[in-house]
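Asker: Listed below, chain by chain, are the residues.
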Amino acid sequence: MILFGRQIPAFFSLLIWGGIWEIVGQLDLVFIFPPLSSVLVALVEVAQRRDFHEAAAVSLKAFSIGMGFAITGGIFIGFLMGRVETADKVLGMWVNIFASAPLSSLVPVLMLLFGLGQLTIIVTVILFSIWIIALDTYAGVRHISPSLEEMGKSFGASRWQLLYKVLFWAALPEILAGVRMGLIRAVKGIVIGQLLVAVVALGRMFQTYSRSFLMEEFWALTLILFVFALGFSSLIGLLEHRVEYYAGTRI
Amino acid sequence: MPTSLQSMPRADDGAPVSKTENIVEVRDITKFYGTDVHALEKINLGIPVGQMTTFLGPSGCGKTTLLKIIAGLLEPTSGEILIKGAPVSGPGPERAFVFQDFALLPWATVLRNVAFGLELRHEAKNEREKVARHYIAEVGISGFEQKYPHELSGGMRQRVGLARALAVNAEVLLMDEPFSAVDEQTRRKFQEDLLHLLAVEKKTVIFVTHSIEEAVYLSDQIVLLSPRPGRIHSIIRPEISRDAGPDEIRRDKNYLDHVEEIWQDLRKYLE
Amino acid sequence: MATTIGLSNAEKSEASAFGLSKITLYQLLSILGLFALWEIGGLVPISVAFPTFSETTVALFEMIADGRMIAAYADTLKPLLIGIGISAGFGVTLGVAMGLNRRFQWFWEPIFIVLQAAPVAALIPLITFIYGIGLAAKVVAVIILALPIIVLNSYKAVRNASASLIQMCQSFQGTRLQQIWKVIIPNASPVIFAGLRLGVAAGFIGVILAELLITPTGIGDLITYHRSVAEYAEMYAAVFSVIVFSAITVGSLERAETRFFRPDKKVGR
Ligand SMILES: Nc1ncnc2c1ncn2[C@@H]1O[C@H](COP(=O)(O)OP(=O)(O)OP(=O)(O)O)[C@@H](O)[C@H]1O
Ligand SMILES: [Mg+2]
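Chains as they are written, first to last, in the numbering used here: chain R, 403 to 653; chain C, 44 to 314; chain Y, 2 to 270.
Just so you know, the hints here were simulated from the structure itself, not pulled from any lab data. Everything numeric in this text was worked out from a predicted model, so none of it was measured. Hints are supplied without guarantee of correctness; some may be wrong.
Said to hold, decoys possible - Lysine-lysine pairs mimicking DSSO-like chemistry, simulated, CA-CA at most 27 Å apart:
1) Y:K183 x C:K173
2) C:K190 x Y:K183
3) C:K190 x C:K173
4) R:K555 x R:K567
5) C:K245 x C:K173
6) C:K168 x Y:K157
7) C:K85 x C:K311
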């Protein structure tokens, strides 16, 4: 937006939203909205707590292990679907079903099968993120121009070379987009998983805070998660930006 | 400016006309994109009524820009466009555009697409559909009224775009590389149909093309533009008699000479 | 183009054998295969809490027959529909306005980007403090998950409306209003509709989550209750029915999208 002849960056509007939050909080309109300033104070305090550090470490571990599986698995499934017609028809159906299924309903089953601990959270992370990575990889593979593949073949590339020297790179913009979406979903998965399991890490903290009406702390924890999710996804966004120049030109 | 500018323009009835009336006047048009892309520099040009004028020039020299400024789709940085002597800003009913990428509504049938210009003018449905059907037949795609654009070939889609432009009964047709997305056979057929159609409809046409042969074959007046910033390099009037058949024209000495002359001119820009 | 249509028809007729196309045949086989694996897994059993497929199916039909399942779905779908209705009405309007007006966009886009990327599910426990544990709480849960997706999709749809179609409309002297109603919105509607479909999927997650976390009603309660009394077949039946139900719903929305909004996608691929 342009104001007084100056371009105001988009994220500035978030400051206005922050201001609105502060005012609503100061006026004490709704008790679940404490003023932003006191949430920020609580944030500094929560961030130094030992139980937070433990919860963060546990969640980060589940997150990285789960994402590791989801990225490798998702790219593999996506390539399989993109390159093998039968796999496309059979897997495509399942991937589409799970990509839009209400996975929150599956978490109770996971809790039964994998216990009330880390393993359930890891599986939740995988379930939440793998499908979108597979779908985007698939879209990327399907967009590769056939002439690029023929070029590789005509210069005598082996199947394997073709895969990791040509096809992977050609599909990379979409793969990265999928990974970014997967990351966002994985963070949601962690939160949903831990909320439902309720006895581990962040889930336990959330429960404690909401049961004892500690709204500042509750929001502080939420803000930390928001920042984490946004920070991580913009990091991948940066990577995506580096390959963007050839994303649109293939079609 | 070459001497050919002074020679007599060809009139449709074959009788020589001493002074041509210009339906479109381009006055001192300069165009900058942002501050540093200088696309056009002081273009002055008259478009004679009832004739076919072609813009020809190297890629990126500003042909599309000039055409869109004439169409009123782009604002010039300075200069003005006169239609029948009156300055205009923005699109008007006397001009109709045929788009390079067809710009057909994918969710509308051929019939609705052709009638779209009239629909925007709030003409009654059966009235505008009657007009649309007439032009659909005129451009040779009757029977496809209820089809959707994706069900047509590239050449047929461009005919829909042409019919849409004809349906609003504008005097000036502006065409931006209308044949660049169709194959060579379709293109030749289309060129002939276009010539035939224009003889019947008596339109003024401004036409952008990359093809020297196409320009010489179709035009009464060829405007050669130099590379960025686009300036008028020369204006050529091929003066080819169109009484002969298409194949004879393509073997005509005059035709071949003009093609060669323009090629020599344009070749300089390639180095 | 005419020839390609002919070709894809030929391909289709080749692919169908015994009235079943190869595609559905393979898909059918994969479904049966999964059920068989499930049955075997339950027979082993891989866990005491893992009923066989047949036990689950029996439980499913029992629950449908005695009306429990239907009542639970009514409880779950009502807030979902209300929430999606509100999100659609408000979200599409806001998204379109954002696409048409730079100031709107400046003000609203960042906040919705944050809300879409962030794990807003964390806020669901807070909803109870204001909306209690009734219908309203579930509706709010649906809205906070579905609204950002719907808004952002509508916005992007309008923003990416074909520049060449807009110019075409201008060249025929269409007014701004005609441009919006006759070109931009029809051009954007497939993506807007796709956004609604994603919103339904997200809202589904939200309503189930709310039922599991804060308001023990509907399908969520069916899952929680049967888990607590160790009736695993019933619990799995409930979960299974949710997955199937959402697959059918989202699948039909997808088909509706192709049918009504993308005539160009109907033929071949
Ligand atoms: N929207 C724009 N913003 C910035 N620069 C532009 C824009 N449109 C065109 N240009 C630049 O202006 C110059 C003229 O463009 P234009 O499209 O008119 O060329 P053209 O002669 O039609 O080229 P072509 O034959 O490739 O179609 C080009 O150098 C182009 O890069
Ligand atoms: Mg051009």
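Asker: Given the proposed pairing of K183 (chain Y) with K173 (chain C), does the C-alpha separation stay at or below 27 Å?
Answerer: Distance of about 21 Å is within 27 Å: holds.
Asker: If you draw a straight line from the CA of K168 (chain C) to the CA of K157 (chain Y), is it 27 Å or shorter?
Answerer: Not satisfied, since the Cα-Cα distance of roughly 33 Å exceeds 27 Å.
Asker: Keeping to a limit of 27 Å between CA atoms, is the pair of K190 (chain C) and K183 (chain Y) held or broken?
Answerer: Holds, at roughly 19 Å.
Asker: Run the distance test for K555 (chain R) versus K567 (chain R): straight-line Cα separation, threshold 27 Å.
Answerer: holds, 12 Å
Asker: Hey, K190 (chain C) versus K173 (chain C), does the alpha-carbon distance stay inside 27 Å?
Answerer: holds, 17 Å
Asker: With a cut-off of 27 Å on the C-alpha distance, tell me whether K85 (chain C) and K311 (chain C) pass.
Answerer: holds, 22 Å
Asker: Can you confirm whether the C-alpha distance between K245 (chain C) and K173 (chain C) stays at or below 27 Å?
Answerer: holds, 21 Å
Hint violations for this structure: number 6 only, all remaining hints satisfied.
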